[in-house]
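Asks: Read top to bottom, the protein sequences are chains F and C.
Mapping of the first sequence onto this note's numbering: position 279 corresponds to residue 279, and the numbering continues sequentially without gaps.
Mapping of the second sequence onto this note's numbering: position 412 corresponds to residue 412, and the numbering continues sequentially without gaps.
Each hint should be verified, as a subset may be incorrect.
[Said to hold, decoys possible] Straight-line distance between alpha carbons at most 25 Å, and here's what the computed DMTMM-like set of lysine to aspartate or glutamate pairs gives:
no. : chain 1 : residue 1 : chain 2 : residue 2
1   : C       : K496      : C       : D257
2   : F       : K38       : C       : D451
3   : F       : K92       : F       : D140
4   : C       : K8        : F       : E103
5   : C       : K212      : F       : E233
6   : C       : K212      : F       : E209
7   : C       : K37       : F       : E28
8   : F       : K37       : C       : E233
9   : F       : K56       : C       : D61
[Unchecked claim] Partial pick of chain C residues on the chain F-facing surface, computed with a CB cut under 7 Å:
no. : residue
10  : D19
11  : V46
12  : G245
13  : D246
Source of the hints: derived by calculation from the structure; they are not laboratory data.
Cβ atoms here follow ideal geometry from the backbone N, Cα and C, with glycine treated the same way.
There are 2 protein chains.
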Amino acid sequence: MPVEETVKAYYQYVKKIMDFNEAIALAEWDMRTGAPKKGISQRSEVVGTLADEVFKRSVSDEMKHYIDVLTDPSVQDELSEVTQRMIEKSKKTYDHYVKIPAEEHKAYIILQSEAQSVWQDAKSKSDFSLLRPYLEKIVDFKRNFIRYWGVGTNKYDALLDLYEPGLTVETIDRVFGKLRQGIIPLVQVVGASEEQPESSFLSVHFPAEKQKAFCLHILRENGYDFAAGRLDETEHPFETTLNPGDVRVTTNYRENDFIAAVLGTVHEGGHAIYEQHISRDLVGTPLCEGTSMGIHESQSLFFENFIGRSKAFWEYHYDELKRYASGQFDHVPLDDFYRAINKSHPSFIRTQADELTYPLHVMVRYDIEKALFDGNLEVRDLPGVWNEKMKEYLGIEPGTDREGVLQDIHWPAGDFGYFPSYALGYVYAAQFKHAMLRDLPDFDGHVRSGDIAAITQWLSEHIHRFGSLKKPLEILNDTTGEGPNPDYLIRYLTEKYSEIYRLNC
Amino acid sequence: MPVEETVKAYYQYVKKIMDFNEAIALAEWDMRTGAPKKGISQRSEVVGTLADEVFKRSVSDEMKHYIDVLTDPSVQDELSEVTQRMIEKSKKTYDHYVKIPAEEHKAYIILQSEAQSVWQDAKSKSDFSLLRPYLEKIVDFKRNFIRYWGVGTNKYDALLDLYEPGLTVETIDRVFGKLRQGIIPLVQVVGASEEQPESSFLSVHFPAEKQKAFCLHILRENGYDFAAGRLDETEHPFETTLNPGDVRVTTNYRENDFIAAVLGTVHEGGHAIYEQHISRDLVGTPLCEGTSMGIHESQSLFFENFIGRSKAFWEYHYDELKRYASGQFDHVPLDDFYRAINKSHPSFIRTQADELTYPLHVMVRYDIEKALFDGNLEVRDLPGVWNEKMKEYLGIEPGTDREGVLQDIHWPAGDFGYFPSYALGYVYAAQFKHAMLRDLPDFDGHVRSGDIAAITQWLSEHIHRFGSLKKPLEILNDTTGEGPNPDYLIRYLTEKYSEIYRLNC
Chain F
1 MPVEETVKAY YQYVKKIMDF NEAIALAEWD MRTGAPKKGI SQRSEVVGTL
51 ADEVFKRSVS DEMKHYIDVL TDPSVQDELS EVTQRMIEKS KKTYDHYVKI
101 PAEEHKAYII LQSEAQSVWQ DAKSKSDFSL LRPYLEKIVD FKRNFIRYWG
151 VGTNKYDALL DLYEPGLTVE TIDRVFGKLR QGIIPLVQVV GASEEQPESS
201 FLSVHFPAEK QKAFCLHILR ENGYDFAAGR LDETEHPFET TLNPGDVRVT
251 TNYRENDFIA AVLGTVHEGG HAIYEQHISR DLVGTPLCEG TSMGIHESQS
301 LFFENFIGRS KAFWEYHYDE LKRYASGQFD HVPLDDFYRA INKSHPSFIR
351 TQADELTYPL HVMVRYDIEK ALFDGNLEVR DLPGVWNEKM KEYLGIEPGT
401 DREGVLQDIH WPAGDFGYFP SYALGYVYAA QFKHAMLRDL PDFDGHVRSG
451 DIAAITQWLS EHIHRFGSLK KPLEILNDTT GEGPNPDYLI RYLTEKYSEI
501 YRLNC
Chain C
1 MPVEETVKAY YQYVKKIMDF NEAIALAEWD MRTGAPKKGI SQRSEVVGTL
51 ADEVFKRSVS DEMKHYIDVL TDPSVQDELS EVTQRMIEKS KKTYDHYVKI
101 PAEEHKAYII LQSEAQSVWQ DAKSKSDFSL LRPYLEKIVD FKRNFIRYWG
151 VGTNKYDALL DLYEPGLTVE TIDRVFGKLR QGIIPLVQVV GASEEQPESS
201 FLSVHFPAEK QKAFCLHILR ENGYDFAAGR LDETEHPFET TLNPGDVRVT
251 TNYRENDFIA AVLGTVHEGG HAIYEQHISR DLVGTPLCEG TSMGIHESQS
301 LFFENFIGRS KAFWEYHYDE LKRYASGQFD HVPLDDFYRA INKSHPSFIR
351 TQADELTYPL HVMVRYDIEK ALFDGNLEVR DLPGVWNEKM KEYLGIEPGT
401 DREGVLQDIH WPAGDFGYFP SYALGYVYAA QFKHAMLRDL PDFDGHVRSG
451 DIAAITQWLS EHIHRFGSLK KPLEILNDTT GEGPNPDYLI RYLTEKYSEI
501 YRLNC
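Okay, chain F solo, but in the shape it has when bound (with noise of 0.2 Å):
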């Protein structure tokens, strides 16, 4: 068979995978807003039978074939870029589970299902003997995964690869490190200083469906296309990508803490505005998404922190907030308002803290991760290395585990390796902003005015029409001119802090 031909039957292939796939996400979307209890069960039967069919079409005798014609070196200057990428990924999606007894695979997701529920009920009665079985039980299966897949520099190296890949302990090590030096000095003298700002007026009652209408006029403004994407209600914000053009996302209304969702869905704004760009020449391929769990965390966070969190952008809604509010900031000067919502103290929880201690918390978990896989530590050290490690960063210690090391679904999940990609993506947006500065040096002027398009031009044209044609160091060096590099974000928060705290450093 000529090669072109091979290549058509390939993307044939890949397509139909790709449409399981968009099934597979449309079920998990539905079942988390609001599907009928009733019909979950079979519902997640349904998901199992579409994911055994994915499972199969990627590690089948087919794709084996498409890999082994493709990836000859004799053939490569008859693929085209996006060809070569395409079987690149699917080649390291096959290799990643044929590596894998078939029968040690399956006990592992049962397992992992099995752990997450476990983990609910741990976390509800705070009792993490509950569940240490279970995750000594994916700590295992993970270090034997790592076995089959070969080792590089460090074990952990091969989890982080999943999510991030081409970083390194190595590389992470330096950049955290750093991150480290220069954020935590920082978060003492924020929380010694004298000037906290005031900020009992933003749990003031907002009542839901107000929220809901400013947060749908923010997202407009913010060029999210509702004509390719839909905000729902979940309890954890999420965003979803069924196609690119489907990508949905979701936020949560409390009604004390409207500031919460706002910048939910302003993060979660982020990931989609990313997916909505990707190159409609992607559509149908395994490179029609996002190129990393950091490079995505670097798209969220640039919208909800350097955008959503920045004075320019309330200097252009806060009026328009009074309007949708019950008068609660009638008499708020912007500037407290701008103060109070960049509020920063060490707290307990990851996903509520604030964009100063942020990084910390991911670091904590980077720790204990590479200390499991490369170190001598056990999961039954976990509590307690848990909360020495907070003590350590953020000078606090969790009461209980609820508010500790169980706080987070991604371990029970199996997810080892996810965590850095957090604290990675700050730092990569805090890289891309410095860049986006030399074409558009009034980045406030722009966000004043409302002109969000000729920020979300230049990251799409940098950044989102690749996908994943380009992998994330790629992008990073491609846009930045350099790797990974802390020091835009330390930048960004001295200066932002020492403002608002009115710190003289």
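Assemble the complex: chain F is given as a structure, and chain C must be docked to it using the hints.
Replies: Showing chain C alone in chain F's frame:
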């Protein structure tokens, strides 16, 4: 392989097909209830991929093997009734498709998809000539399919069997003939009556939000289980079953026509209550759905007409309705309200017809379909024959094709044979009500006191729980002791409309 193991493998095989079908149903529900429009074309491809899987598995060699083994007379004794009925249904689907040459089937699928787009355009321009060439081809395909399937007494029987297994031209001619003789004179005296109900208060502005709240209330009162369903808004109301724990309904709120939303909701709720009560033992089998279009419609029309349009129902709900409304009913006596919502007059559009004239709309279509397949009628004659039949049955003639032959999507969608089930269902419903009165003689008393549960329990016991385990005529005979008999419907309509229009008959 022992039969027991073949049965087990067959169940697993069929369960996957059901899972794919559930994913398709969800994708279609989503496209109709609010999927962003830019994602629709890719979503349609997802549906195509899943439907293709269902098709392939339904006619595969593996399926043939199960059918061959499990329909062998020597193993019948070893099979449960459920398994026997399942394999019978699988065989019917298998035979249906394998008898049509694959290329021809594919061409037909593409054609009817195109024809539906063309129909929308033709309808909006009220120009039948645009649709005509497509409809001619569809009819040609159908005529060929009938030949492939093998013909009974009448060719049209093969199409009827797709929607109402066991029903034939012979039976329907008899039933519809008698029904027509009962209804047409009644329509005429109703039209000539000087006691026309006043109904202007029905079109007073009724805010959509209030309509929705009232519809939710009524659905709940009727016993629709919201833990196994949800109500959404769409242009045309519909019910869709994802699985028996997830049976969704939709309605449409027109602010000058609240009763359409309420009765539409009650109608779709009737479909849904049927599906919600199918025995859980049938989940994952092809028997876990209503047994035919006619039996399905008998349940929706039972709720819509015998409950929702009854005086007893509004005796229970009228005060509550006044609380949702804006005062327009405050000075309207219940009897006037009841007469208004049952006002009858010949009109052009089937879906907006009242319960008295409705069956005549169906008969116009039935006569035409029968003549297309067993008579000498050709597609080019359709607009003329349509208008003649309307004149003959309803005494009125549409001025445009939009209000005439172009009004329904069924023909461009290839659904010939479907229409009769609408009127058959109505006939069945009246028979069921007659049979129910033996066990629940105070039917009106139950409705008047809001005790719909007693009625649903009876329907569930005799009809719902069987799903497709019994064929439609089996259900009808087992429940009423006879076959299709229009006398009960004629009697119901005569009594009801004589009272409303104060006739002396």
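Asks: Decide, hint by hint, whether the structure agrees.
Replies: How the hints compare with the structure:
At roughly 23 Å between alpha-carbon atoms, K496 of chain C and D257 of chain C fall within 25 Å of each other, so this suggested pair holds. A hinted pair counts as satisfied when its Cα atoms are at most 25 Å apart, and K38 of chain F with D451 of chain C qualifies at roughly 24 Å. A C-alpha spacing of about 22 Å is found between K92 of chain F and D140 of chain F, which places the hinted pair at or below 25 Å, so the restraint holds. For the hint pairing K8 of chain C with E103 of chain F, the CA-to-CA distance comes to about 22 Å; that is within 25 Å, so the pair holds.
About 19 Å separates the Cα atoms of K212 of chain C and E233 of chain F, which keeps this hinted pair within 25 Å; it holds. Under the criterion of a C-alpha separation no larger than 25 Å, the hint pairing K212 of chain C with E209 of chain F is consistent with the structure, at around 17 Å. The suggested pairing of K37 of chain C with E28 of chain F holds, with an alpha-carbon distance near 20 Å, which does not exceed 25 Å. Restraint check for K37 of chain F and E233 of chain C: the C-alpha separation of about 20 Å stays at or below 25 Å, so the hint holds.
Restraint check for K56 of chain F and D61 of chain C: satisfied, since their Cα atoms lie roughly 20 Å apart, inside the 25 Å limit. The interface hint given for D19 of chain C is met, as the beta carbon of that residue sits about 4 Å from the closest beta carbon of chain F, less than 7 Å. Because the smallest distance between the Cβ of V46 of chain C and any Cβ of chain F comes to about 4 Å, under 7 Å, the interface hint for this residue holds. Annotation: interface hint on G245 of chain C holds; nearest CB of chain F at approximately 3 Å, less than 7 Å.
Given hint, D246 of chain C at the interface with chain F, holds; its Cβ is 3 Å from that chain's nearest Cβ, closer than 7 Å.
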